[in-house]
Amino acid sequence: MSDADGAWVSLFSGGKDSSWALYRALEDGLDVRRLVTVHPSDDSYMYHVPATELAELAAESVGIELVDVDPGDLEAGLADDSSEQGDDELEPLEAALETLDRDLEGGIAGVTAGAVESEYQTNRIEAMCERLGCELFAPLWQEDPRELADSMLEAGFEILIVQVAAYGLDDSWLGRTLDCETLAELEELHDEYGVHILGEGGEFETLVVDGPHMDRRIDLEYEREWDGSRGRLRITDAQLE
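Numbering-wise (the numbering used here), the sequence shown opens with residue 141 and increments by one.
Simulated from the structure, these hints should not be mistaken for lab results. There may be inaccurate statements among the hints.
[Claimed, not checked] DEER-style ranges, computed between Cβ atoms:
| hint | residue 1 | residue 2 | range |
| --- | --- | --- | --- |
| 1 | E325 | D243 | 40 to 50 Å |
| 2 | E231 | P352 | 33 to 43 Å |
| 3 | D168 | Y307 | 36 to 46 Å |
| 4 | E205 | Q379 | 17 to 27 Å |
| 5 | N263 | Y333 | 21 to 31 Å |
| 6 | E238 | E332 | 44 to 54 Å |
Ideal placement from N, C-alpha and C gives every residue a C-beta, glycine not left out.
Using the sequences and the accompanying hints, generate a full structural model.
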């Protein structure tokens with residue numbers, strides 16, 4: 141479908157993993173012309189869920205046009221099993237990429253993804269790229285989580301924790317910045333409770349509010365919502381500084 145000089149598209153939520161994949165792609169000189177954000181329903185198997193509406197601000201700061209993908213009538217949990225739901229959730233994304241492949245000059249040469257360890261996600265994205273006839277750039281795949289986190293901080297990423305859902309993470313974690321002190325605490329929680337240091341199992345979700353690939357920082361106002369075992373930030377205002 142595409143040629144070597146075609147466009148690259150970044151699967152983008154505004155979270156740290158997809159932002160790192162985008163940053164690495166730009167650093168490697170890949171011609172990223174679109175960011176694609178899927179806005180799933182709660183408890184998606186395939187996608188980062190919270191605060192995806194802020195991806196528009198992040199895209200504006202990065203300076204790359206954003207394409208929003210509406211999952212349509214699909215409701216999480218209606219499929220008979222997780223495998224079937226994952227396939228169903230991929231359909232709107234693949235349809236959006238097929239449209240971009242037709243519309244972008246040279247078609248889609250490749251797609252970036254921020255998967256770290258999830259074979260569930262990565263296998264489906266790889267298969268989708270094969271169907272689209274394009275490459276997959278997944279620079280976080282099977283890399284050491286602590287080394288990845290350190291690389292993000294060294295590059296200048298400012299990462300905010302916007303949702304938590306794991307034993308050992310209470311409401312005090314909501315709104316915390318991911319820094320060296322936070323990482324040290326997460327390593328302790330990993331040893332004690334099995335919490336993934338990058339939140340790969342959904343233990344926590346993040347938003348990158350600033351980074352070297354962004355022209356302006358995202359300034360947020362928010363309230364904490366906590367139900368006793370999990371919580372999230374409810375964003376009340378967001379703008380670029």
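Cross-check of the supplied hints:
no., hint, result
1, E325 x D243: 40 to 50 Å, "holds (46 Å)"
2, E231 x P352: 33 to 43 Å, "holds (34 Å)"
3, D168 x Y307: 36 to 46 Å, "holds (38 Å)"
4, E205 x Q379: 17 to 27 Å, "holds (19 Å)"
5, N263 x Y333: 21 to 31 Å, "holds (27 Å)"
6, E238 x E332: 44 to 54 Å, "holds (45 Å)"
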